[in-house]
Amino acid sequence: MPATKLLPPAPEVKLLPPAPPKRHRWTGILWLLLFAAAGFVGYRYYKASQQKKAAADAAQAASLAHRPVSIAATSARRADMPIYLRGLGTVTAFNTVNVKSRVDGPLVKVNFKEGEFVNAGDILVEIDPRTFQVLVEQAQGQLARDQAQINDAKVNLARYQKLWDEGVIAKQQLDTQASQVGQFQGSIEADQANIDSAKLNLSFAKVTAPISGRIGLRLVDAGNIVHATDANPLVVITQMQPIAVLFTIPADSLQPILAKLRANAKLPVDAYDRADRNKIATGSLLTVDNQIDPNTGTSRLKAVFDNTDNALFPNQFVNCRLLLDTKHGVVLVPAPAIERGPQGAYVYLVKPDHTATMRAITLGITEGNDVEVASGLAVGDQIVTDGQDKLQEGSNVEIRPDSGSPTQAGTP
177 MPATKLLPPA
187 PEVKLLPPAP
197 PKRHRWTGIL
207 WLLLFAAAGF
217 VGYRYYKASQ
227 QKKAAADAAQ
237 AASLAHRPVS
247 IAATSARRAD
257 MPIYLRGLGT
267 VTAFNTVNVK
277 SRVDGPLVKV
287 NFKEGEFVNA
297 GDILVEIDPR
307 TFQVLVEQAQ
317 GQLARDQAQI
327 NDAKVNLARY
337 QKLWDEGVIA
347 KQQLDTQASQ
357 VGQFQGSIEA
367 DQANIDSAKL
377 NLSFAKVTAP
387 ISGRIGLRLV
397 DAGNIVHATD
407 ANPLVVITQM
417 QPIAVLFTIP
427 ADSLQPILAK
437 LRANAKLPVD
447 AYDRADRNKI
457 ATGSLLTVDN
467 QIDPNTGTSR
477 LKAVFDNTDN
487 ALFPNQFVNC
497 RLLLDTKHGV
507 VLVPAPAIER
517 GPQGAYVYLV
527 KPDHTATMRA
537 ITLGITEGND
547 VEVASGLAVG
557 DQIVTDGQDK
567 LQEGSNVEIR
577 PDSGSPTQAG
587 TP
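Convert by adding 176 to the 1-based position in the sequence shown; the result is the number in our numbering.
Calculated from the structure, these hints are not laboratory results.
Just so you know, not all the hints are guaranteed correct.
When the alpha-carbon atoms are kept at most 25 Å apart in a straight line, the in silico DSS-like pairs for lysine-lysine are as follows [what the hints assert, rightly or not]:
hint : residue 1 : residue 2
1    : K503      : K442
2    : K276      : K289
3    : K285      : K330
4    : K478      : K455
5    : K276      : K347
6    : K436      : K503
7    : K347      : K330
Keep in mind it's a predicted model, so treat the numbers as computed, not measured.
Build the full structure now, drawing on both the sequences and the hints.
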């Protein structure tokens, strides 16, 4: 058996590690396509939802456009329009008197109550009259003595006249006696004047009210000695009926007032409260100041009020309205009906088919809640006074029952 030839051992083969799996290059592209598809689907969904919402809003707007708008309306009317000039005023006492004593002496009695109304001639206070009564009696005694002396002098003058007629005495003695009678006559007249002066001072012991009016607070109490030279008065009296109001107006408005005054026209003046809402009293214009204030460009006017109800009080602030003229038969509308835009003033007019339309107007003067319409409206035109912010041209309207309109409109 032949011998087997052994082959040399095969060389050892070393195996390389397996290569990492190769990433597919289309994976990223696929993801991008997926995202793009999702975004497209979302966009289409969003657009479709927006279109549905816009269609719903349009449908709702169309529904609202045909729905009637609730408004308040009234009719333009024809009436008289007063023309007022307004000014700020202050109530001033027509007369104010500081009552003082005209003689010196102790104050013994006060006859008034603070704040009450007194009439002219009422005795307000009394000063001790005894000193003045003594002076009256003293003057009367001097008069009696001089009267006795003149009577004796007259008797002697008659005797001297007879003696001179008989040639017994000289003419000089007669003339001397006549002169003495004249001197006594002068003394008697001076005595009478002293009596009148003493009685006058005695009457001043009772201090009376020089005017009728409201009395103020008492400034001196009983028991004090008062003097004619005292700086402070005993009391202050202000005349309340009538009473005056001083107010100002712009100087540009002065000429029409002066023209009315020159024509002897009586111009009414109304006084309103601080809020300019409630009328307090009615009076008339009395006069105009003689100059214009250069600092403010205004002129002062004075009005007088009867003030029988004492509604006006000195130094009270009031708003004055001077009735200058009245425009008759003008078209008036309420102020809330007026709207203003770039083209000027306008109103919403309610047409017979119950729709609203804009109407341009020309305004005149305004007084309170009334506005004059110079052109653009006729008497009886129905205009909107509330709810204009919801209206547009052609809007259907429904007038609220409480709007004060003479007619009610509904949807067609």
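Here is what the structure says about each hint:
no., hint, result
1, K503 with K442, "17 Å, holds"
2, K276 with K289, "17 Å, holds"
3, K285 with K330, "48 Å, violated"
4, K478 with K455, "18 Å, holds"
5, K276 with K347, "58 Å, violated"
6, K436 with K503, "16 Å, holds"
7, K347 with K330, "16 Å, holds"
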